[in-house]
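If you want the building blocks of each chain, they are given just below.
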Amino acid sequence: MKSILFLGTSSGAGKTTLDAAFCRYLARQGIKVAPFKGSNLSLNSYVTLGGEEIGMGQAFQAWASGLEPTGDMNPVLLKPAGNGRMQVILRGKPYMDIDRNNAMDRETVMQKACESYDKLVEEFDAVVCEGSGSPVELNLIKTDMANVGMMRARNVTSILVADIERGGVFAAIYGTWLLLPEDVRPLMKGFVINRFRGDASILGDGIEKIEKLTGMRCFGVVPYETLKFPEEDSMSEVGGALGNGDIHEELVKNLDRLIDSAIEAGVDLQGIYELMLE
Amino acid sequence: MKCIKKKVAEELEAGNIRMNHSCPYHPSHFVGQNCTFCYCPFYPCEDPRFGHFIETGRPDKVWSCEECLFIHRHFLVEFALPKIKERRLQPDDHEGMMEIFHEAVEKLWRPGKAIMVVGATSDAGKSMTVAALGRIMLRKGYLCAPFKSQNMSLNSRVTAKGHEIAMVQMLQAQAMGLTTPDYHMNPILLKPKGNTESQVMVEGKPFGDYDVPGYYNDFVPGPGKEIVKRNVDYLKNRYDYVIMEGAGSPAEINIYDKDIANMRAAELADADCILVVNVEWGGSFAYAIGTVELLPPEDRKRIKGIILNNVRGDPEKMREGADELARRCGLPVMGIIPHADVQLPQEDSEAFRGVKTKGNGSMRIAVVKLPRIANFTDLDPLYTEDTTIVFADCPEDITTADAIVIPGTKNTVDDYKWLVSTGIADAIKSMKGKVPILGICGGYQMMGAEIRDPKGIEGKVPGNYKGLGLFNNISYFEEYDKRIIRDKAELVTGEGEVEGYEIHMGMSDVKEKPLFNITNFGRKGEVEGSFREDEMIYGTYIHGVLDKPAFRKKFLSLVKVRGEKPAEGMQTVDDYDKFVDQNLDKLADVFEKGLDMKAFMKIMGVEE
Numbered sequence: 001m002k003s004i005l006f007l008g009t010s011s012g013a014g015k016t017t018l019d020a021a022f023c024r025y026l027a028r029q030g031i032k033v034a035p036f037k038g039s040n041l042s043l044n045s046y047v048t049l050g051g052e053e054i055g056m057g058q059a060f061q062a063w064a065s066g067l068e069p070t071g072d073m074n075p076v077l078l079k080p081a082g083n084g085r086m087q088v089i090l091r092g093k094p095y096m097d098i099d100r101n102n103a104m105d106r107e108t109v110m111q112k113a114c115e116s117y118d119k120l121v122e123e124f125d126a127v128v129c130e131g132s133g134s135p136v137e138l139n140l141i142k143t144d145m146a147n148v149g150m151m152r153a154r155n156v157t158s159i160l161v162a163d164i165e166r167g168g169v170f171a172a173i174y175g176t177w178l179l180l181p182e183d184v185r186p187l188m189k190g191f192v193i194n195r196f197r198g199d200a201s202i203l204g205d206g207i208e209k210i211e212k213l214t215g216m217r218c219f220g221v222v223p224y225e226t227l228k229f230p231e232e233d234s235m236s237e238v239g240g241a242l243g244n245g246d247i248h249e250e251l252v253k254n255l256d257r258l259i260d261s262a263i264e265a266g267v268d269l270q271g272i273y274e275l276m277l278e
Numbered sequence: 279m280k281c282i283k284k285k286v287a288e289e290l291e292a293g294n295i296r297m298n299h300s301c302p303y304h305p306s307h308f309v310g311q312n313c314t315f316c317y318c319p320f321y322p323c324e325d326p327r328f329g330h331f332i333e334t335g336r337p338d339k340v341w342s343c344e345e346c347l348f349i350h351r352h353f354l355v356e357f358a359l360p361k362i363k364e365r366r367l368q369p370d371d372h373e374g375m376m377e378i379f380h381e382a383v384e385k386l387w388r389p390g391k392a393i394m395v396v397g398a399t400s401d402a403g404k405s406m407t408v409a410a411l412g413r414i415m416l417r418k419g420y421l422c423a424p425f426k427s428q429n430m431s432l433n434s435r436v437t438a439k440g441h442e443i444a445m446v447q448m449l450q451a452q453a454m455g456l457t458t459p460d461y462h463m464n465p466i467l468l469k470p471k472g473n474t475e476s477q478v479m480v481e482g483k484p485f486g487d488y489d490v491p492g493y494y495n496d497f498v499p500g501p502g503k504e505i506v507k508r509n510v511d512y513l514k515n516r517y518d519y520v521i522m523e524g525a526g527s528p529a530e531i532n533i534y535d536k537d538i539a540n541m542r543a544a545e546l547a548d549a550d551c552i553l554v555v556n557v558e559w560g561g562s563f564a565y566a567i568g569t570v571e572l573l574p575p576e577d578r579k580r581i582k583g584i585i586l587n588n589v590r591g592d593p594e595k596m597r598e599g600a601d602e603l604a605r606r607c608g609l610p611v612m613g614i615i616p617h618a619d620v621q622l623p624q625e626d627s628e629a630f631r632g633v634k635t636k637g638n639g640s641m642r643i644a645v646v647k648l649p650r651i652a653n654f655t656d657l658d659p660l661y662t663e664d665t666t667i668v669f670a671d672c673p674e675d676i677t678t679a680d681a682i683v684i685p686g687t688k689n690t691v692d693d694y695k696w697l698v699s700t701g702i703a704d705a706i707k708s709m710k711g712k713v714p715i716l717g718i719c720g721g722y723q724m725m726g727a728e729i730r731d732p733k734g735i736e737g738k739v740p741g742n743y744k745g746l747g748l749f750n751n752i753s754y755f756e757e758y759d760k761r762i763i764r765d766k767a768e769l770v771t772g773e774g775e776v777e778g779y780e781i782h783m784g785m786s787d788v789k790e791k792p793l794f795n796i797t798n799f800g801r802k803g804e805v806e807g808s809f810r811e812d813e814m815i816y817g818t819y820i821h822g823v824l825d826k827p828a829f830r831k832k833f834l835s836l837v838k839v840r841g842e843k844p845a846e847g848m849q850t851v852d853d854y855d856k857f858v859d860q861n862l863d864k865l866a867d868v869f870e871k872g873l874d875m876k877a878f879m880k881i882m883g884v885e886e
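If you read the protein sequences in the order shown, they are chains A and B. Quick note: the first sequence, position 75, residue 75 per our numbering, numbers continuous. Converting from the second sequence to our numbering requires adding 278 to each position, the first position being numbered 1.
Looking at chain B on its own, in the form it has when it is part of the complex:
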C-alpha cells in the first residue's frame, strides 16, 4: 500500500499527462485513455461498479479494480486532479480522497446506454454494423463495448485472461478501440459439435454439452437469463455505450419466449434497437416490416430505426421504397448502406458456403475443407498474400497444390476419419517433402503418429487411430477438459515472433523439435509446436500463427510455384492486425456516409 501511495504522490506531482505513449503497455485499456492515474488515488474505493473483492486465501480480502475504466477517462482526471490540489490532499488521506471520489461519481458517472442491432435474417450484416457503429462512436470520443449474449460459432478467440469468446466480439472490441476485450462481451458461446449437440461455453469456460431441446428447455430458463443480465450490467457500469448484437432474426415467433439472444436481451439491458436488413437477396422491405410487425407491442417500441444494408448499385434507387417503408412501419429508415468492399475476418467460413477458391494469386494453397473446420480465420492472413486458396475436398486438390494447410476442427477424430475416407490423407502423405505442409490445432493433431481417444471423448465411440505420421507425436483425449490460453512465442529458428491462442480438447505427446519458444511472462522455458525443416513440415496449436509476418513469410518462402519461386515485389500485408484496423476504418467510413447521422446520434441520446 505504501508503494502505491508513493506512486500516487508522483502522479499528483506530474499533473494531467493525458496519454503516456512512452509506456510499453500503452494503451493498456482503450485507445485514447488518460494515463495520469496509473495508480488510483482513491484505492480502494470498494465501489462494486468499478471493481470487486478477490479471495486470497488469507483472512483479509483484496480489492481488485484492474478493470476500472472510470479512472482513465479524461473528464475524471480533469475533475479530480484540480480538486485534490485545491484541497492539498496527501495520498494517504483516504477519507479526503473518497470525498472527491463520491463527488466525481455523483457528477460524472452514469450507467452506459445500451443499443442493440437486430437483423431480419442471419447474415443481415449485424456484426459488421456493430463494428462500424462502434468505430464511428470511438472517433467521436465515446467509450463503447460490444455485447452478444449468445453466439453460435466455431470461430472463437481467447481473451487476455484466458477466456474463450466469439471471434466477432473480439473484432468489434478492436473496432471500439478496446485493447483487453473480456468474456462479458460474449457470455454464452455455443460451439456446434457437428451432430446435434453444442458445447456451451459460459463466461469463457466450458459449461456443458446440450442438444437443442435441452438448451431451450433447461439452460435458457435456468441460468441463461441471469448470465445475460449480469454481464450486460457489468459492461453498462463501465462504458458509455454497450452496442449489442442480436442473433438471427428477432421475430422467430415459434421460439419467441425461449430466445435470449434478441428482444429478451434488449429488455434485460433496456436497449433501443436498430433493425438491419440485407438488401442483396431482395425482399428486404417485406423482411423489415414483417420483423417489426411480428414483435409484440412492448418489444416493437424498442425498435427505433431501420438500416438497409449491403446495397449494390446506386443506393438512391432504394430511396423511394425506403420512404414508403418508413411510412408503413412508422419508423425512420436511418441508413441506406452500400456494399462495403472491405477485408475483415468472416463469422462464417467461406468453405461452408460452397466457395471453392479464393483469390487468384500465383501460390496455390490447399486448405483442407474439414467438415467441422474451426477457427478458419487463421487463414485470413493468407488471403492478403499472392495466393489462390483452394478449399480442398478431394485428393486432386492436394496433389496439385504448392502448399498444404490442415486447419483446426471441432472434432479431430471424426474429421480425421473423413480425411482418410476421402483419400485426402493418402494425398497429403504423398506430398511429404515436396511442398510445405502446416497443421494448426486439430490439423496438427492429425499430423502425428497416433490419435488416442480411449474413452470416446472426441469421437462418439472409443478408439485409437493411426495418424498421418508426418510427426511422431501422439495426441490423446483423456479427460473432458479444455486448454484455453494466450501465447506469445518466438520461432526457435530466429525469424521473429508470433502471437495467438490455444483452444483445444486433447493434448499431444511431442516427440519432435519444438517450433516455438513461449515468451509470455512467467512461462519461460515452455515450448510449442513441432517441425521438420528438411521436409518442410510444421505443426502448432497456436491459432493466429499466420497473423504476424514472421512465420507466415517463413512458410510462404518455401513455396515454389510449379517448381519455380514466385516473382518478388508483390505488395503484401505485414502485420495482419494493422491491416484489419485499416479495414475497420474503411467500413466505418462507408456507414458514416450512408447513415443519417443526425437520426443515429438521436438514438444514441446525443443531440448534435
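Next comes chain A alone, as it looks inside the complex:
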C-alpha cells in the first residue's frame, strides 16, 4: 500500500490542511506524491490547465505536492445548488443534476472515482487521500464514497483527524471508531489531535485510554496555528494573513510553518509515512 486516507471527526476538523501538509512533507523529501479526494462537496472549485473543475482543496494539495492540479485528483465534485439540488461534476466535467427524485447511479460514479485513484497510484510513489465530513454519518454511510466508500473499494489505510477546539475530542475519536462498520474499522490505524492550544501533556491520560480502547495509535497533537489556507468549506473559520508574494508560494510557505511547528510538537509525520508503506 502506498496511499493513506485522512478522515475527520467532523467538517472543518482540519483534514484538507493536514492532508496538504503531509503532501508537502513527502514532497520535501523528494517523494513523488499526489493528492486525491474521492468525492468532494464544495462550491469552492478550481479549473485545471486541462479545463477540468475540481475542489479547491485538491488544487491546494497539488501545489503542496509540487504538481499542477488534474481532474483525477478529485474525480467527483458535488456542487449544491439550493433546494436539495446538486450538480455532479465527474472527472472535471458536468455529469448531471441530482435532486430528491433524481439520484445518481452511485456504482457508475464510484467506479470512475476508483479509476482515477488507480491511475494516481500507478503514476506516483504516494497518494494522500482526503475523506469528506465525518465517515460515520449513520444516514449517509450506505452511499458514502470518499470515506467508507474508498476504504471498502481499495482497502486504504486511514488516519483520523480530530478537532479539539470545541472540546469532546476523545468522545469524537472513540465514537467515530465505534460507529465505523466493522469490515473497515481495522483500516483506521491511528489518529491526530488538531488545533490544540496550551500544554499538550494535559491530554496524556486521555490519549492513552483511547489508544487502549481502540488499538489505534496517536500520531501526535498539532498545535493551533492561525495560518491562512484556502477555504474548502464555509463552515471553517479563517485566521491569519497571507503575505504579498505569489499566492501559491505563500500557501506553501504557510504549510512549511505548520509542518515545522507540528514536528516540533512531536507529531510523527515519518510514522504516518511508514504506516502507509506497510
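FYI, nobody ran anything at the bench for these hints, they're computed from the structure. Just so it is clear, CB atoms sit at the ideal spot from N, CA and C, and this is done for glycine as well. Every clue listed holds true.
Covered stretches of chain A, going by a simulated chain B footprint (3 or more residues, C-beta under 8 Å):
1) 129-143
2) 203-210
What follows is a set of in silico ranges between Cβ atoms, one per label pair, in the way DEER data are often shown:
3) A:263 x B:710: 48 to 58 Å
4) B:635 x A:123: 41 to 51 Å
5) B:474 x A:204: 14 to 24 Å
6) A:182 x B:701: 58 to 68 Å
7) A:108 x B:877: 38 to 48 Å
8) A:263 x B:309: 53 to 63 Å
Dock chain B against chain A, hints included.
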C-alpha cells in the same frame, strides 16, 4: 411583629386573591405566583428549607424568609387558607398556624428534581436547551431554576442582591419566569484575565485568582465540591425542577475526576441527564455515542436521552440515523431540533469568532474589538436597530464609522496598550466631535485623561498611562477590590430611565458633568457617568445602558449617515427585555415542536 399579624388578618379576610397585578412589585418572585400571603401567616416557621437566621448584632437573631417560594404557590394557598378558616385561627395563634404549616409541608412539599443538560462539545446548544426546556416547563405551570455549577465567561450580570453571575444563567432564569435570579444559580464563575489566570467568583463575590493547575488541584478538591452541593441543594428545596447545565463535554477523560461542572455535579444533585449534540458541523452521531460510551457505567446510567440540535434543512433526513444511534446507544433520541432563528444574547462574543460585521442597516457603528472584550451583550440592543456593527480592529474601521462604541474589558490597562499600539486610539481622538462616541465600563475608563495603576493591579506591571483625553476623568486601580452593584438611573437631560449594573475593578475621579442621576431606593443624590453634549461624548460604568430605549435612542439620534440623518420609519425594538422574552418563547416553540414531549415529560417524572 404586631404589624405583620395585622397584615395577615387582612389577608385572611381577603381570601385567595391569586395574582395581584395592581401591586407595583408584581411579580416579585416568579411569573404566575400567588400573592395572597404577601405576609406569611406561619412566620417565623424557622424551617431551614425555606429561610435562615440572620445576625443583627443584637442578641436575638432574625428569621429571614424573603427567598421562600413555597408560600407563593397556588397549591399551598388552596390548602392552607380553608384550613385556617375552618379552624378559626387568629393570626397570633402561632402554634395552630404551625400545625397547618407542618401538614402542608408533609402533604405538598417535595425537594425538586434535578435534570442536567450536558453537551458533546462546547457550543452544542446546552444553554439554549436549558432556556427552552425551562420556558416549556413554565408554560406547563412548573417552577424551575437554572443551575450551572461552574461557568467560564466574561459575560456576567449582577443580581438584585449585588452578586455577579454569568449572563446566561440570568437569561435562563428569565426563561423560567423568575424575576429575582440569585447567585445559587451559578455559584462558581471563572473570568479569564487574558493570560493564564482566571478570577474565580464564588457565590457572586471575588474569591481569588487561579491558574489552571491551581484551580484543578487546589480549588476543586478543596472548596469546589461543597460549593456546588450547597447551592444546588438550596435550589432543590425551593423549585419543582432545577435544570442544570454542564460545561463543555462531560467526557474529557483526561481531567475526568477534576471536573465539577458535569457528571460530578449531576451526582451531587442526583440529576438525570440529557445529552445535546450540535449537528451543524457533522460527526454528531460519533460525538453522541462516544460521549455516552466514555462515561463510567455509574455516570452513563444518568443519561436518559439524546437531543440532536441545530439541524439545518429537513430534520426528517436525520431520522434514520437517529434511530440507528438510539439502537446503538440504548437511549432514546428524544428530539431532532431544527436551527432556531432567534435573537438572544450570546454566551460567546461574535467578535471572538472572526465575525467582522453584523447586520446591514444604514448606521455604521464601530465597536472596538478589544482583545479582552467583556460584557459584550451590552451591544445586543444595537443589533435590533437600523445598524451595521463593525468589530473594529484597525484605525480605518474607526474613521469610516458613523458612531463609535468602546466596550468593557477584563483588563483596562492591557487593552488600552493594545488600543494605542494599533493606532485605534489616535483614530478615535481624530473623530472627536464628528461622530457620537460611547464608552462603557473599561471603555469609559480609557476615555479619561489618565489611567493609574501604581501597584500593577490591573496590568502585570505598575504604571500610569495617559488616556484618550476625551474626558478629564482619572481612573485608578488602588486595591484588589471590585464594585458590583445594580443601578436604576435617569438621564440628567430628561429623556428617560436606564437600568443595568456595574462590575469593575478600579474607580474613577469624575471631573465632568454626570450623565445619570441614580434613582435606586436609598441612593438619592448619587450620580453616574460623564458626558459632553456638544462633542457627542458619553461614558458610563452601567452595563445594559442601551437595553432601555431612552439612552439608546438618544445616542443613535445623533448618528448621521454620511452626513445625513437616516430615514425614519424603520421598525425598531423598544424595550430590549421584552424583545428577549418574545424570542425565548420562539425558542421554546422550536424545541416543543422538535421534542418527543412524551419522552421528555417522562424524564421529568410526569406521566401525561
